[in-house]
Structure formats: structure tokens, C-alpha cells
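Line by line, the protein sequences are chains F and A. Numbering (the working numbering) for the first sequence: 1 to 102. Numbering (the working numbering) for the second sequence: 1 to 497.
Since the hints were derived computationally from the structure, they do not count as laboratory data. Any given hint might turn out to be false.
Stated by the list, open to error - Pulled from the structure, derived: some chain F residues nowhere near chain A, Cβ distances all over 12 Å: (1) Met2; (2) Ser3; (3) Val4; (4) Glu5; (5) Ile8.
What the hints assert, rightly or not - These stretches of chain F come out as covered by chain A in the derived footprint (C-beta under 8 Å, 3 or more residues): (6) 12-26; (7) 42-51; (8) 55-62; (9) 71-84.
Ideal Cβ placement from N, Cα and C applies to all residues, glycine included.
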Amino acid sequence: MMSVEPWIILSFAALIFVIGLVGLVVRRNILIILMCIELMLNAVNLTFVVLSKSQSNLEGQMAVFFIITVAAAESAVGLGLVIAMFRTLKSVSTEDIQLLKE
Amino acid sequence: MNINRELLTLSYEQLQWLSPIAILLVGVLFVICVASVFNRGSKQITQWTSILSLFVTTLSSYSLLDTATPHLLFNGMLVLDKFSYFFFIVFNLSGAATILMSDRYLDLDEMNHIEFPILILFSVLGMMLLVSSADLISMFISLEIMSLSVYSLVAFRRNDRLSNESGLKYFILGGAASAIFLYGSALIYGATGSVRISSMLTAATVAQPSVLFALGAVLVVVGFLFKIAAVPFHMWMPDVYEGAPAPVTGFMTAALKAAMFATFIRVLIQLGFGKPQWNAFQTSIYQILWWSALVTMLVGNLAALPQNNLKRIFAYSSIAHTGYLLIGLITALKNQAVLGSTILYLVSYVITTIGAFGILSLLAKKGDTGLNVHDLSGLSQRRPWLAAALALFLFSMAGIPPTAGFIAKYSVFYAAVENGEIGLVIFAVLCSAISVYYYLRVIVFMYMRNPAEQATWRRPILTAVVAIAVVALLTIALGFSPSSLIEATGSLSLAQI
Numbered sequence: 001m002m003s004v005e006p007w008i009i010l011s012f013a014a015l016i017f018v019i020g021l022v023g024l025v026v027r028r029n030i031l032i033i034l035m036c037i038e039l040m041l042n043a044v045n046l047t048f049v050v051l052s053k054s055q056s057n058l059e060g061q062m063a064v065f066f067i068i069t070v071a072a073a074e075s076a077v078g079l080g081l082v083i084a085m086f087r088t089l090k091s092v093s094t095e096d097i098q099l100l101k102e
Numbered sequence: 001m002n003i004n005r006e007l008l009t010l011s012y013e014q015l016q017w018l019s020p021i022a023i024l025l026v027g028v029l030f031v032i033c034v035a036s037v038f039n040r041g042s043k044q045i046t047q048w049t050s051i052l053s054l055f056v057t058t059l060s061s062y063s064l065l066d067t068a069t070p071h072l073l074f075n076g077m078l079v080l081d082k083f084s085y086f087f088f089i090v091f092n093l094s095g096a097a098t099i100l101m102s103d104r105y106l107d108l109d110e111m112n113h114i115e116f117p118i119l120i121l122f123s124v125l126g127m128m129l130l131v132s133s134a135d136l137i138s139m140f141i142s143l144e145i146m147s148l149s150v151y152s153l154v155a156f157r158r159n160d161r162l163s164n165e166s167g168l169k170y171f172i173l174g175g176a177a178s179a180i181f182l183y184g185s186a187l188i189y190g191a192t193g194s195v196r197i198s199s200m201l202t203a204a205t206v207a208q209p210s211v212l213f214a215l216g217a218v219l220v221v222v223g224f225l226f227k228i229a230a231v232p233f234h235m236w237m238p239d240v241y242e243g244a245p246a247p248v249t250g251f252m253t254a255a256l257k258a259a260m261f262a263t264f265i266r267v268l269i270q271l272g273f274g275k276p277q278w279n280a281f282q283t284s285i286y287q288i289l290w291w292s293a294l295v296t297m298l299v300g301n302l303a304a305l306p307q308n309n310l311k312r313i314f315a316y317s318s319i320a321h322t323g324y325l326l327i328g329l330i331t332a333l334k335n336q337a338v339l340g341s342t343i344l345y346l347v348s349y350v351i352t353t354i355g356a357f358g359i360l361s362l363l364a365k366k367g368d369t370g371l372n373v374h375d376l377s378g379l380s381q382r383r384p385w386l387a388a389a390l391a392l393f394l395f396s397m398a399g400i401p402p403t404a405g406f407i408a409k410y411s412v413f414y415a416a417v418e419n420g421e422i423g424l425v426i427f428a429v430l431c432s433a434i435s436v437y438y439y440l441r442v443i444v445f446m447y448m449r450n451p452a453e454q455a456t457w458r459r460p461i462l463t464a465v466v467a468i469a470v471v472a473l474l475t476i477a478l479g480f481s482p483s484s485l486i487e488a489t490g491s492l493s494l495a496q497i
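Isolated chain F (complex conformation) (with noise of 0.2 Å):
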């Protein structure tokens, strides 16, 4: 069976996250930048089974299950949030917010 090295895939995740952090800056689409956090939380989520794996020790992959939930749940509070602004601003673009001056 072929196996791939540990290292390979934390670099793979890195990636993800690094993509994730510069997508959030960059960005000028709320929904987006919504993906580019999940994007991030998916890189924490990768991070910790391959740890787990590494080290045979089950509680990275517990530490997983709970992040799931935890990002479903901002998810939803961040579309609505997202709904609710574009209720009062008809857009989710950033330009349009006088506010936002990331």
C-alpha cells in the first residue's frame, strides 16, 4: 500500500489556510469571504487528522467532530447576517459598505 508522508499533507493544509487568510483580505464578495473562513476552518480540521493519524491518538479527530458542528453553526449565523444586510444595502460587496475598511 502506498503511503504519503505526514509533512506532505500539514503543507497541504497550510496551503489551504494560508489561501483561506488571503482570500478574507482580498475578497470583495461577503459570501466569499464566508467560503475563505470555512476554508480555513476545513484547513484546522485536515490539520488535526493528520496529527491524530501520526501520533495514534484519537482526541485531534474528537477535537474535528466539534469543529464541524461549531463551523456549521457560524455558518449560519454569519448567513444570517449576510441576509440581513442585504435586506438594508440590496448588495455583498464590501465596496458598497461605508463601514468596512479592512
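Model the placement of chain A on the given structure of chain F, informed by the hints.
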């Protein structure tokens, strides 16, 4: 396999230790039931049941305050010690004060929905779990319980564009901070093989901590700096504070900041500070905090100078206070015996801001307007008591005796000088001198300008007056005889677990 048994059963004693959290949880569920049974006519009932459950939780935490040794619960996921119980009291009382002061403010915009007290209760519950978590995952979950409620509270004025925007902005940046914190936890887990913060101690105190661990710890620290709005991670704060409803801003400045700081202290102590010899890793964390404290004080105070909106002034002043608190934190890392002065500062700041924002919620006009400095012109002639109380809170924030703020600042700076942070303290005193300008400016407008012809302010309701009076009395009482609180905070210590 004794771990499993412990997870499945809770002895009577353990249940007693857990009682504040359990009471508040039952309280929230009860309030939700009450709110849905009585449906729309139930604002008063919901508010009073929420306040009741917050007070019962406070009493139950108070009765546990003499806990001597830390109790570990749920296989080491929660740690309940004197430190946590003390902060339970702080969170619950500030939650109760927020609900009391928000009633009329919410009525004005016809958004006094039953969800408001419920969300406050949930975020207080999250704070309680946060300050007592001994595990990076339970810390993350409670952080999210707290933050998700506060995101919704910030966007509570849902027909208002500013409120929605600031809620979303807070959500995005808060979510990013949580993700950074979580990535740090994952790396720490990789280095230590456990997510318990107790395992961090062994990994941190070796001569040469592994790169993975150091990177993880730095990311966790950055996540915390984000949440306490220390420079350079402070950009979200003024905008969010401006857009949020005034009572919510007060709640965030007071309780949220206290919760994040208390947890930050717990994590940092666990990184192996408190030993006389630091390794390279601890020194670099110390340097990050040192520079952050310096820049935070400078930026907070300078940026507050040109502001006209009161909420923005308080937001920048809150950033400046984060800087002073970081000095306390740094000192506590050098010498754990002076941890009490940092907590004293935190408590007096919580009391002062709760009061100040209580008054702002009373002064706000429909649509959250009327909170510019100019709008306060002549307040002392129309509402002398409110003006006097606001002046008192401003003096306390500026650190002028005889107020709680003075005692707090004095004890933090004194402890810092004692422990060799003289440069930082000189800088902090200069910054406080700058800060007097923007605090006094508000007072000048209140007392030395004539009111505009049509300027009127609503008559404040009794509950809010009582709450503000209690907070104002506390501010003065702590200024005159701080010994009891100094004793109480001085006896709090954080054992490394």
C-alpha cells in the same frame, strides 16, 4: 479505563462545583420556555427571569468563592478555581446591568425583542465556560458560544444599515481570529500530543521548545490579541463599537474584554512563565506582548483625540486601556504575585465602562443618534445627575483620584515599576496624560456649553437609574477604600495545571 467512568458520572461534590454553570444553563432554557409560552407580551417577564437567573448564578458563584484548590472536571476539560468563580461574578453582574440599562433604549427603536436578554445570557454562559476551560477545544467552543451570541447582538438593530455592517464586519474578523487560534491549537496538539493546556507546560519549559509548538503558541497568542483588540489587530474595534447598539457596546467593552483577558492570562501562565529563567521561546512571546502594549497605548490614545462620536471615543479609549492591561499582564508574567493588580484593573474598568455605557444608552435618541460630543452640550443643566455620573466615570477612566480607575492604574503601574518595567510605565503615564484631553473635552461640553434650544433628554427609568447609581457608588467606594477588592483580587492566583 478509569477515564471513562469519570466521564459518565458526576459525583454530588462535582455537581456542586459546577453549579453556577448548571444554574445559568437551566436559567437560559427556562427563559426561552417562558418567552415562547407568553409569546409577545412577555418582554417584562423575560427580562426579569433573565436577571433573576443571573443573580442566582452570582450568588452560587459567590458561595463557592473560597475554593482553595482547583477542581478539574470532565476528564480535565474544565478547571474550576477561585479565579473562575471570581470572574463568573463579574460576567453575571455585567450581564444583569446590561439588561437593566438596555430596556428603554430598545423600546425607542421598537426592537425590544425577547431575544435580547436570551442572547446576553448565552454569551455570559460562553464567557463562564471560556474562563474555566482547561482544554484548547473546549476553549474554542465556549469562545464561539460567546462570540456567536455577541455577533447577533451587534447586528441587533436589524433595520439599521450601520448595525448590520458592523455585525458582519465583527463576524468576519472574529471568525478569522477564531480560525487562527484554532490553527495554533492544532499545531500545539501536534507538538504535545494533547489539547489540554496542562500539556503545554511541559512542552514550553524545555530548553528548546520545538518549532511546531512555538509556531502554534504564537498563533494562539495572535488569536487572543485579535480578540482583546491590541494593536496591530485593533482595526475592527472602533467600527464595531460605533455600529453596535449602545448597551451591547458596553457589554462588549466590559464583560467580553474581561473574559478574553482572564482566559489569556490562564493560557500564558500555562506557557511556563513564572519561572525565573526564561528560554528563547518565552522571551520572544514576552517581546511580542511588550511591543504590543507600547503601540496599543500610543495608537489608542492618539486616535481618540480627533473623534467626535462618543462611542468611537470610548472604543479608542478601550484600546488604550487594553495597552495598560497588557502592562499588568507582562508584570504578572514576571512575577505572579502581582496578578491581583491586573485583575483589579480589569474589574474597575468593567465597572466604569458598564456605567458609562449605561448613561450613553439613556442619552441616545431614536435610531442610535445623539451620541456626538456636541449633542451633550448643556447636559448638566437639563439632567444634572446623569451629567455628574458620566463625569465621574470619565474621571475614573482617566485615572483621576478618588475613583476606582485611579487605584487600579496606580496598583498596576506600581507593580510594573517594582518588577523593572520602568520604561513602559513612563510611557504609559505620558499616554494617560494625553488621554485626559479627550475625557475632559466631553466634560467641558456637558458643563460649560449652553444647551441647544430644543435639546431634551428622556427621563430615565427607575431600574436604569438604580443600576447606574449602584455602579457610580462602587466607583467612588473603590476609590476611597479599595482594600477589600485589593484583598479579594490579591488572593486570586493561577496555579499551573
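How the hints compare with the structure:
1. Remark: the non-interface label on F:Met2 is consistent with the geometry, its nearest Cβ contact in chain A lying 23 Å away (cut-off 12 Å).
2. The beta carbon of F:Ser3 is kept farther than 12 Å from every beta carbon of chain A, the shortest such distance being approximately 18 Å.
3. With a minimum CB-CB distance of about 16 Å to chain A, F:Val4 clears the 12 Å threshold, and the non-interface call stands.
4. At the 12 Å boundary, the C-beta of F:Glu5 stays outside the reach of chain A, the nearest C-beta of that chain being 14 Å off.
5. At the 12 Å boundary, the C-beta of F:Ile8 stays outside the reach of chain A, the nearest C-beta of that chain being 14 Å off.
6. With 4 residues carrying a beta carbon less than 8 Å from a beta carbon of chain A, the region 12-26 of chain F meets the three-residue requirement, and the given coverage holds.
7. Here the region 42-51 of chain F counts 5 residues with a CB under 8 Å from a CB of chain A, which clears the bar of 3, and the coverage holds.
8. Restraint check on the region 55-62 of chain F versus chain A: 5 residues with Cβ-Cβ distances below 8 Å, three needed, restraint holds.
9. A stretch counts as covered by a chain when three or more of its residues have a beta carbon under 8 Å from one of that chain; for the region 71-84 of chain F and chain A the count is 8, and the coverage holds.
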